[in-house]
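2 protein chains.
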Amino acid sequence: MSVRLEADERDQSLRELVENGWTLNDVQDTINKTFKFDDFNSAFGFMTRVALLAEKLKHHPEWTNIYNKVDVKLTTHDLKALSKSDVQMALFMDHIYVTIGD
Amino acid sequence: MSVRLEADERDQSLRELVENGWTLNDVQDTINKTFKFDDFNSAFGFMTRVALLAEKLKHHPEWTNIYNKVDVKLTTHDLKALSKSDVQMALFMDHIYVTIGD
Numbered sequence: 001m002s003v004r005l006e007a008d009e010r011d012q013s014l015r016e017l018v019e020n021g022w023t024l025n026d027v028q029d030t031i032n033k034t035f036k037f038d039d040f041n042s043a044f045g046f047m048t049r050v051a052l053l054a055e056k057l058k059h060h061p062e063w064t065n066i067y068n069k070v071d072v073k074l075t076t077h078d079l080k081a082l083s084k085s086d087v088q089m090a091l092f093m094d095h096i097y098v099t100i101g102d
Numbered sequence: 001m002s003v004r005l006e007a008d009e010r011d012q013s014l015r016e017l018v019e020n021g022w023t024l025n026d027v028q029d030t031i032n033k034t035f036k037f038d039d040f041n042s043a044f045g046f047m048t049r050v051a052l053l054a055e056k057l058k059h060h061p062e063w064t065n066i067y068n069k070v071d072v073k074l075t076t077h078d079l080k081a082l083s084k085s086d087v088q089m090a091l092f093m094d095h096i097y098v099t100i101g102d
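The listed protein sequences derive, respectively, from chains A and B. Going by our numbering, the first sequence opens with residue 1, and the numbers climb by one from there. Going by our numbering, the second sequence opens with residue 1, and the numbers climb by one from there.
For the record, the hints were derived by calculation from the structure and aren't laboratory data. Please note that a few of the clues may not be correct.
Put simply, identical chains are the same to the list, so a pair is met inside one copy or across any two.
To be verified - Simulated pairs of lysine-lysine, BS3-like, Cα-Cα distance not exceeding 27 Å:
1. K58 - K33
2. K58 - K84
3. K33 - K69
4. K56 - K36
Pulled out of the complex, with its shape left as it was, chain A reads as follows:
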């Protein structure tokens, strides 16, 4: 079940995420980021860790992988807006990127 972000929480979360390299598309209400790794192995390792959380949350990213790069788009289709799950996924990606990324 998708949970809306309250206005204050949204503002604060987005401020932090944008500081950390996420881009807000406020037409589609998506957040987007490109993660770059040493090689495909690290990029796919990152995707695998994210996939496990995505299954747990029942909330899945839209993402493209080309060799060492992963382009991620997050949004919540049933709300047509960003939700708490998008923020949770984004924070998790940033967190594990520190351990896997270059």
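Starting from the structure of chain A, add chain B where the hints point.
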């Protein structure tokens, strides 16, 4: 090391792949296919099996995953053309799709 496809081999391989749902983009010399699954779990399972072969062959797809769909593009950048590895990857994807896909 990328290995070029001889003309006859290329014609035959492409004929078979196109019959199996691959699209040839002859401007970029890529082959493309969308694989559709029951859910994200199956789609990412497919990607994981393909990733292991990609690492073994040192030949990686360009791919986008949105929930239960995986869009794949194959080409060989150092040849700027399709190679034996592209055909091998495409055949492997079609093979395992039979066991995972819907």
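| Among all the numbered hints in the text so far, which are the ones the structure does not match? | none
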